[in-house]
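*Asks:* Protein chains in written order, with this note's numbering: chain A, 151 to 304; chain B, 151 to 304.
Honestly, the hints are just simulated from the structure, not real lab data.
Beta-carbon label-pair distances, calculated as ranges:
1) B:M199 / A:D249: 36 to 42 Å
2) B:M199 / A:V160: 23 to 29 Å
3) B:D269 / A:D162: 39 to 45 Å
4) B:E193 / A:A194: 41 to 47 Å
5) A:S264 / B:D228: 40 to 46 Å
Straight-line alpha carbon distances no greater than 35 Å define the calculated DSBU-like cross-link-like pairs of lysine-lysine that follow:
6) A:K173 / B:K173
7) B:K196 / B:K173
8) A:K196 / B:K261
9) B:K261 / A:K173
10) A:K261 / B:K173
11) A:K196 / A:K173
12) A:K261 / B:K196
All C-beta atoms, glycine included, are put in the ideal place defined by N, C-alpha and C.
2 protein chains.
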Amino acid sequence: MTHYYEDLAVGDVFETSGYTIQKDEIVDFAEQFDPQPFHVDEEAAKDSMFGELVASGLHTLCLSVRLFVTEIVQGEADVANMGGLGMDNLEWHEPVRPDDTLTLRVEVLEKTPSESREDRGYVEFRRSVTVDETEVMSITSVNIVRREDAADEE
Amino acid sequence: MTHYYEDLAVGDVFETSGYTIQKDEIVDFAEQFDPQPFHVDEEAAKDSMFGELVASGLHTLCLSVRLFVTEIVQGEADVANMGGLGMDNLEWHEPVRPDDTLTLRVEVLEKTPSESREDRGYVEFRRSVTVDETEVMSITSVNIVRREDAADEE
Chain A
151 MTHYYEDLAV GDVFETSGYT IQKDEIVDFA EQFDPQPFHV DEEAAKDSMF GELVASGLHT
211 LCLSVRLFVT EIVQGEADVA NMGGLGMDNL EWHEPVRPDD TLTLRVEVLE KTPSESREDR
271 GYVEFRRSVT VDETEVMSIT SVNIVRREDA ADEE
Chain B
151 MTHYYEDLAV GDVFETSGYT IQKDEIVDFA EQFDPQPFHV DEEAAKDSMF GELVASGLHT
211 LCLSVRLFVT EIVQGEADVA NMGGLGMDNL EWHEPVRPDD TLTLRVEVLE KTPSESREDR
271 GYVEFRRSVT VDETEVMSIT SVNIVRREDA ADEE
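Between the sequences and the hints, there should be enough to build the whole structure, so can you do that?
*Replies:* Written out as structure tokens, the structure is:
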């Protein structure tokens with residue numbers, strides 16, 4: 151069942167399966183987008199504040215978006231997401247290491263109808279990534295979600 | 151010359167060269183991390199609110215981080231970045247399309263010495279991505295930057 155704007159309620163929670171991150175993909179991602187020594191070089195990482203190779207925080211964010219899109223927007227929840235407006239409060243609480251298994255939990259924080267467009271509303275989500283039940287990253291997002299009555303008219 | 155915490159001043163601005171994004175990489179990135187129809191399928195994108203294929207906003211963010219790391223942290227500015235603490239105020243103002251050339255401008259907004267650790271301070275940056283002088287994305291970040299006096303002691 152598609153979740154339109156009307157179907158989402160403040161407090162609704164969605165959870166995804168786990169995704170295990172590998173050392174090779176940590177290095178590959180960082181070489182592309184965040185080539186700092188502590189993300190691409192195990193030896194150099196020992197001298198960093200992390201003391202070992204850790205995933206780029208941007209990589210953790212990207213994996214959390216993949217889980218959001220594939221398992222929440224396009225998964226069982228099937229949210230009628232039209233696009234993202236922005237994100238806020240991105241915090242990296244703990245480093246992510248090779249072989250960590252990331253799980254995403256998403257909660258509906260707030261709903262705001264669009265004032266200018268009848269076909270959509272804005273939904274604020276809190277997205278939380280955990281490893282072994284410890285939160286490693288959190289962020290809030292505002293997504294544009296289609297209204298069911300607008301979809302009916304098409 | 152390395153820019154330690156002491157060398158950065160509120161109002162300092164750094165700018166990068168331009169990076170031109172290709173259609174193939176927009177699709178490749180989105181297939182990995184944000185596989186929504188308007189980022190991976192030109193035909194489906196025509197029916198989206200964008201009306202055409204556009205880059206994932208996450209992709210724009212990733213490219214802005216690459217420009218930040220390669221041209222600012224590791225480039226001429228050579229900022230003694232120890233890692234990121236978090237990001238805030240991420241806004242996508244305009245869609246990014248194939249063949250757009252992205253340029254990053256970074257401004258120092260605020261400096262805060264660490265209260266618990268003498269070797270570092272926190273620097274808040276505003277990062278702005280433009281295409282043809284139109285801002286397409288903006289975000290603020292807080293980075294942990296090493297102090298020169300701490301580096302001297304090592």
